[in-house]
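Go ahead and model the full structure; you've got the sequences and the hints to work with.
The opening position of the sequence shown corresponds to residue 1 in the UniProt record's numbering, with each subsequent residue numbered one higher.
Hint data in this document are derived by calculation from the structure and do not stem from the laboratory.
Hints are supplied without guarantee of correctness; some may be wrong.
[What the hints assert, rightly or not] Distance condition first, Cα-Cα at most 25 Å in a straight line; then the derived BS3-like pairs of lysine-lysine:
1. K186 x K281
2. K155 x K102
3. K287 x K186
4. K202 x K281
5. K201 x K186
6. K281 x K201
7. K201 x K102
8. K202 x K186
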Amino acid sequence: MQQWPLNGVGMAGGGGRPCCPQQALLGMVAIMAAVVEARQGAPGGARAAPEEEQLSVGFFQKNLIYGNDRRAENVYVKMFSNSPTLVCMDLSLSQDEVIDPKYSWTGPDGRNLEGQGFANLTDSGELVLLGFQESMSGAYTCALSHRIIETSAQKEVDVTITYRFMVYAYREANHVYQVSVRFTSKGCELAANARFVEELKKILEDLISDLTSRVERLSYRCHSLEVPHRGSPSELFVTFQVNPFAPGWEDLCSSLPQDCEDTTNQRAQQARERIGEFFRKQTYALKHQFQTVPTIHYVEGSFSVTPIDSCRPGFGRNNITHRSCASCCVVCSPGTYSPDSAGSCRLCVRHRTARYGAKSCP
Numbered sequence: 001m002q003q004w005p006l007n008g009v010g011m012a013g014g015g016g017r018p019c020c021p022q023q024a025l026l027g028m029v030a031i032m033a034a035v036v037e038a039r040q041g042a043p044g045g046a047r048a049a050p051e052e053e054q055l056s057v058g059f060f061q062k063n064l065i066y067g068n069d070r071r072a073e074n075v076y077v078k079m080f081s082n083s084p085t086l087v088c089m090d091l092s093l094s095q096d097e098v099i100d101p102k103y104s105w106t107g108p109d110g111r112n113l114e115g116q117g118f119a120n121l122t123d124s125g126e127l128v129l130l131g132f133q134e135s136m137s138g139a140y141t142c143a144l145s146h147r148i149i150e151t152s153a154q155k156e157v158d159v160t161i162t163y164r165f166m167v168y169a170y171r172e173a174n175h176v177y178q179v180s181v182r183f184t185s186k187g188c189e190l191a192a193n194a195r196f197v198e199e200l201k202k203i204l205e206d207l208i209s210d211l212t213s214r215v216e217r218l219s220y221r222c223h224s225l226e227v228p229h230r231g232s233p234s235e236l237f238v239t240f241q242v243n244p245f246a247p248g249w250e251d252l253c254s255s256l257p258q259d260c261e262d263t264t265n266q267r268a269q270q271a272r273e274r275i276g277e278f279f280r281k282q283t284y285a286l287k288h289q290f291q292t293v294p295t296i297h298y299v300e301g302s303f304s305v306t307p308i309d310s311c312r313p314g315f316g317r318n319n320i321t322h323r324s325c326a327s328c329c330v331v332c333s334p335g336t337y338s339p340d341s342a343g344s345c346r347l348c349v350r351h352r353t354a355r356y357g358a359k360s361c362p
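Printed below as a string of structure tokens:
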């Protein structure tokens with residue numbers, strides 16, 4: 001069966017007959033089928049999961065984070081892991097004798113944490129949050145009551161100190177790939193250029209749809225080039241992103257027992273590899289299967305890919321608010337949201353959402 005290269009208008013095939021867009025698309029589909037056949041049974045390589053770590057602005061020693069009675073301590077906990085130990089005491093007080101201490105922890109909803117299944121409390125006022133999720137983010141407050149004995153005045157004074165910890169869920173960054181590719185064109189003013197790029201997007205999306213990945217932010221520009229021995233050809237400079245968050249990704253992740261960051265990144269990598277193979281097939285077909293090169297065709301060697309770290313919807317980066325975890329994808333705070341993988345949380349203009357991890361405004 002003859003394979004056709006990716007082409008839009010002009011001449012195609014060995015006979016030099018005019019090629020209509022439908023015939024061109026059939027050629028594109030033929031090559032896509034070859035790519036799909038070639039990648040059958042070849043899953044992407046697994047990536048080792050990074051070590052789980054928790055970060056804190058405050059004092060952090062042996063996985064202990066002490067309180068501060070002057071300000072809230074920011075604590076960042078990786079999704080589905082346990083938090084560091086939050087100590088209901090500041091560092092200086094922990095070095096002194098504390099008489100008759102009593103501890104009372106409350107969560108973001110204002111309820112006492114005693115008896116809560118996700119909270120591991122000790123008699124010494126330490127708290128570990130188990131299996132942390134985005135909905136558990138927020139302010140955790142501890143009240144330490146103890147007694148001070150003034151021996152000179154033979155007087156006992158009851159003192160209460162409040163410590164506040166702002167605890168945020170975070171994720172490792174996911175991978176989005178920025179792709180650049182070029183095609184020759186008969187001229188920059190042709191309406192066929194836009195039609196060609198639209199059909200290109202459809203075929204690429206079909207190629208990776210089973211990976212719950214999608215092609216987004218596709219754009220192109222046409223430029224006239226001055227090339228020695230080739231005159232002044234026109235070329236389409238096409239750019240797009242390969243994103244692993246196509247509709248259905250949430251259902252896929254919910255079926256996994258833990259977080260699916262590794263699986264998401266593997267899907268993005270597989271999508272990138274399929275698209276790269278697709279364009280390599282174009283080069284082969286142009287060299288070996290055509291006597292007359294189509295007017296719009298792939299420029300050999302122009303395919304390039306750049307990985308871009310991105311955040312899952314509901315999470316974002318902010319090197320000002322979360323400067324101690326600037327590379328982390330931190331859960332969006334109430335009043336903000338992140339609908340896509342743009343990488344930052346946006347402010348809700350009208351109705352402010354009251355929960356963490358919002359993907360849209362109410």
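These are the hints, each one checked on the structure:
no. : hint        : verdict
1   : K186 x K281 : 22 Å, holds
2   : K155 x K102 : 20 Å, holds
3   : K287 x K186 : 20 Å, holds
4   : K202 x K281 : 18 Å, holds
5   : K201 x K186 : 20 Å, holds
6   : K281 x K201 : 17 Å, holds
7   : K201 x K102 : 63 Å, violated
8   : K202 x K186 : 22 Å, holds
Violated hints amount to a single one, hint 7; each of the other numbered hints is respected by the structure.
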